[in-house]
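**Student:** Sequence:
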Amino acid sequence: MADREPVMSESEILGWLTERLGAQVSLPVSQINPDVPYVEYGLDSVAALGLFGDIEEEFGLVLDPGVALEYSTLSLMAAFLAAEQKEVVHS
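If you use this note's numbering, the sequence shown corresponds to residues 9 to 99, in order.
No wet-lab data here; the hints were simulated from the structure. Built from N, CA and C at the ideal position, the CB exists for glycine as well. Hints are not guaranteed to be accurate.
[Stated by the list, open to error] Taking CB as the label site, the calculated pair distances span:
#: 1; residue 1: 94; residue 2: 50; range: 15 to 23 Å
#: 2; residue 1: 92; residue 2: 56; range: 17 to 25 Å
#: 3; residue 1: 35; residue 2: 66; range: 17 to 25 Å
#: 4; residue 1: 17; residue 2: 53; range: 28 to 36 Å
#: 5; residue 1: 57; residue 2: 92; range: 17 to 25 Å
#: 6; residue 1: 92; residue 2: 58; range: 13 to 21 Å
Modelling step: build the complete structure from the supplied sequences, incorporating the hints.
**Tutor:** Put into structure tokens, the structure is as follows:
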């Protein structure tokens with residue numbers, strides 16, 4: 009089977025993540041900087057669970073809790089998800 013392109017590009021993933029974070033912390037997308045750690049937006053544990061639940065559902069991944077610490081900004085998480093998505097698509 010030929011390799012397929014990822015379902016979403018990294019920039020599309022970043023846009024999706026930005027919208028989700030904005031919804032979780034009640035901020036407009038225009039006020040979210042993708043290079044600022046999630047915790048600086050007041051993302052509490054309940055909102056974090058919601059955000060990461062959305063990520064798992066959208067991308068069909070089961071994320072280790074450490075992923076949130078390792079990829080602590082939207083930019084880092086988008087790059088991680090784009091790479092993970094490619095691995096799933098190429099498998």
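**Student:** Hint by hint, note whether the structure agrees.
**Tutor:** Comparing the hints with the structure gives:
no. : hint                : result
1   : 94 / 50: 15 to 23 Å : 32 Å, violated
2   : 92 / 56: 17 to 25 Å : 18 Å, holds
3   : 35 / 66: 17 to 25 Å : 20 Å, holds
4   : 17 / 53: 28 to 36 Å : 30 Å, holds
5   : 57 / 92: 17 to 25 Å : 19 Å, holds
6   : 92 / 58: 13 to 21 Å : 20 Å, holds
Checked against the numbered hints above, the structure violates only hint 1.
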